[in-house]
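Asks: In case you want the letters, here they are:
There are 2 protein chains.
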Amino acid sequence: MNIDHLLSANAKSMRRSVIRDLLSVANKPEIISFGGGFPSPDSFPIAELKQIMMDVMDEQGAAALQYGSTEGYVPLREEISKLYKEEGLDIPIKNILITTASQQAIDLLSRIFIDPDDIIICGLPSYLGALQAFWAYQCQPYGLRQDDRLEEAVNALVAAGKSPKFIYAIPDFQNPSGVTMTVEERRNVIAVAEKYDLLIIEDSPYKQIRFEGESLPSMYSMCPERVILLGTFSKIFVPGFRLGWVVANDNVIDRLIVAKQSADLCTPIFNQMVAARYLKSGKFHENIVKIKELYKHKKNVMIKAFEDYMPEGVTWTNPEGGLFLFLNLPPQYDTRELFNIAIKENVAFVIGEAFHCDGSGKNTMRMNFSYASDEKIIEGIKRLAKAIRELYDRHS
Amino acid sequence: MNIDHLLSANAKSMRRSVIRDLLSVANKPEIISFGGGFPSPDSFPIAELKQIMMDVMDEQGAAALQYGSTEGYVPLREEISKLYKEEGLDIPIKNILITTASQQAIDLLSRIFIDPDDIIICGLPSYLGALQAFWAYQCQPYGLRQDDRLEEAVNALVAAGKSPKFIYAIPDFQNPSGVTMTVEERRNVIAVAEKYDLLIIEDSPYKQIRFEGESLPSMYSMCPERVILLGTFSKIFVPGFRLGWVVANDNVIDRLIVAKQSADLCTPIFNQMVAARYLKSGKFHENIVKIKELYKHKKNVMIKAFEDYMPEGVTWTNPEGGLFLFLNLPPQYDTRELFNIAIKENVAFVIGEAFHCDGSGKNTMRMNFSYASDEKIIEGIKRLAKAIRELYDRHS
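Chains A and B are the protein sequences, given in the same order.
Under the working numbering, the first sequence has 264 at position 156, and the numbering climbs by one with no breaks.
Under the working numbering, the second sequence has 327 at position 219, and the numbering climbs by one with no breaks.
Chain A extracted, bound-state conformation (with noise of 0.2 Å):
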């Protein structure tokens, strides 16, 4: 049966992810794939969430297989609520919601917030899960690169009747590009959100796997009433679970609670009680500092692989943390053609123009440096510049 005619305009305005579509001619065993955004499966604590099922199953037994409350398992709140303090914040948990992992929360943001043709600022790039989310409610996402002036393009657009509704921003090694936002960068941002009676969405699913540098406060820290800050557990802890949180004054919280009865009812409870051990064991502090020696090895084999084998004229971003950095080429070069002649090279990523809203970011590419191990990570980087190579040939 052809449903067209009966399908909302929602649908109509939402967008299939090209990652997806792309990275499934990939799913072969031989393609090394730097196109994914997987967590190494070597920081999954597989011993120790073994031992916490068991005890969440004898200790909480019927109470973890039932319906739980919207708002989220108060005690795994009370853990994140003590994360925070680590940082010096002091948020109760009554501001703390738990969200089937960070994608939910900014899907529940953007239906509260967006109506049709609402204008919202992003990164050129930003992260391509938020994009779709936006324009599944028919948003305009308006990018921004991190050189243009913010204040200048709000004002234009407040003049010309397009208020922006949020400031949507992953301050620490964003995904895709790698790249952190400096403090002053975040101050500015906060004074245009002001000025502009704006809400700014910090999404922050990265900032405590910082290999490298000083950490920077969140934007939350700067002006939590104006500041909605999106947490998950999928990088730190494992994403299988699907557990993530949204940090909102209680007026934002309030409408959240409400749209996610209708989009969930709840998250798991289970995996919330299991998530509520886990971080209260400890163990979860030591695993990081696993996590964070792990990636940093990681990007540095895939840095040095870059150094050793690229061909001139290629550029990338040196993360100080995250799971991501941007390659760029020349730019009269579409890394979409490359994409083509590097699957015939076994080896995969995805194209930065996914992540541009404008359709910009042509020469660009995004590569994940988390997920392969190191001879693999060596071995598609080589097979990488070849292909860009071969690339560089055809235009010449």
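Hint data in this document are derived by calculation from the structure and do not stem from the laboratory.
Among the clues, some could well be false.
Any copy, or any two copies together, can satisfy a pair, since identical chains are not distinguished.
With a straight-line Cα cutoff of 25 Å, these simulated DMTMM-like cross-link-like pairs (lysine to aspartate or glutamate) come out [stated by the list, open to error]:
1. 202 <-> 112
2. 136 <-> 442
3. 391 <-> 166
4. 136 <-> 186
5. 120 <-> 305
6. 120 <-> 223
Source: prediction; values computed, not measured.
Take the given structure of chain A and dock chain B to it, following the hints.
Replies: Here is chain B on its own, set in the frame of chain A:
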């Protein structure tokens, strides 16, 4: 910070759950609540699940903690396909999408089909969680009583230029009424949907919990192209894992996958792996036999208590399965007033008005019989009968 001026029209159209708000006052240990929709904790296979969790961690380890696919874990979809084979239905796994419980399925369907002011047809009464999802997309649910004539209603709506998008029905032991649609009623819904080119959403959380009478064919089995069938493990396994599914034609599944990508990316893979093994083990079928015996017994305890204690004028439905039944007071009484008396008597229920999208049903109430122990059911019904007598006295 006040955010009202930034809210979307969707946010303004969302409705808080009356159940949630009413039952927040019923959260004291001395209150016997028939308000929630919790399965009996005695129905949870705790020991079996603990063993299966161990096996998953030992044998699947990192894969159980990693990101999963948006469509859902293949072996779980295969097990669901096998369940339908037992009913004589041949459903390939490409037509099965795993959702973060059934509530997400309703939300995603609302998202892809409902535009603001769209009409959908539902029951009077109907499941509140579905109404909440419909309202969240600015839908206008149009409610019909069981004896209302569907075709006349749809015809009048179409004539008024308000053609409905779909018919939402819970044909087996409906939440909240406990009523089951006859085969003829099912055929009639399909005939109307075909005549007016509407979809049917068949929400089927309770079908397997039939403890009396004979199982009736699903509407999906009668018209697989036009019916979207929703299933869930919440009532026949455990609700705490948040696992549901959608069975639909290729076009609907394809749109739902895109919608789910931006809603929560994927449903927890660990939970899916545990459920798949549990289904494969055969314990699942044994446990459903146990659940049916348990709920049949509990329903009979409740009906007996009604017969023993209820004052004249109170009537009730007598469901052949599921978790709920409906109680009717004489039409001049309001169960909202009764609720306040009942709370003082330490007993709680849900006012029937909450399930009526047109605000009717003021003399009705929903009673859950799956959760409370036998003793609490009897004591609770005594208290409720006393509260109803007091309500009668106030108005005599």
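Asks: The structure should be examined with respect to each hint, and the outcome stated for every one.
Replies: Here is what the structure says about each hint:
1. 202 <-> 112: between (42 Å within a copy, 20 Å between copies)
2. 136 <-> 442: For residue 136 and residue 442, the Cα distance is within 25 Å only inside one copy (24 Å; across copies 64 Å).
3. 391 <-> 166: Classified as both; 20 Å inside a copy, 20 Å across copies.
4. 136 <-> 186: between (43 Å within a copy, 22 Å between copies)
5. 120 <-> 305: Classified as between: cross-chain Cα gap 20 Å, same-chain 31 Å, threshold 25 Å.
6. 120 <-> 223: Answer is both: 15 Å inside a copy and 11 Å across each meet the 25 Å cutoff.
The structure is consistent with each of the numbered hints, conforming to all of them.
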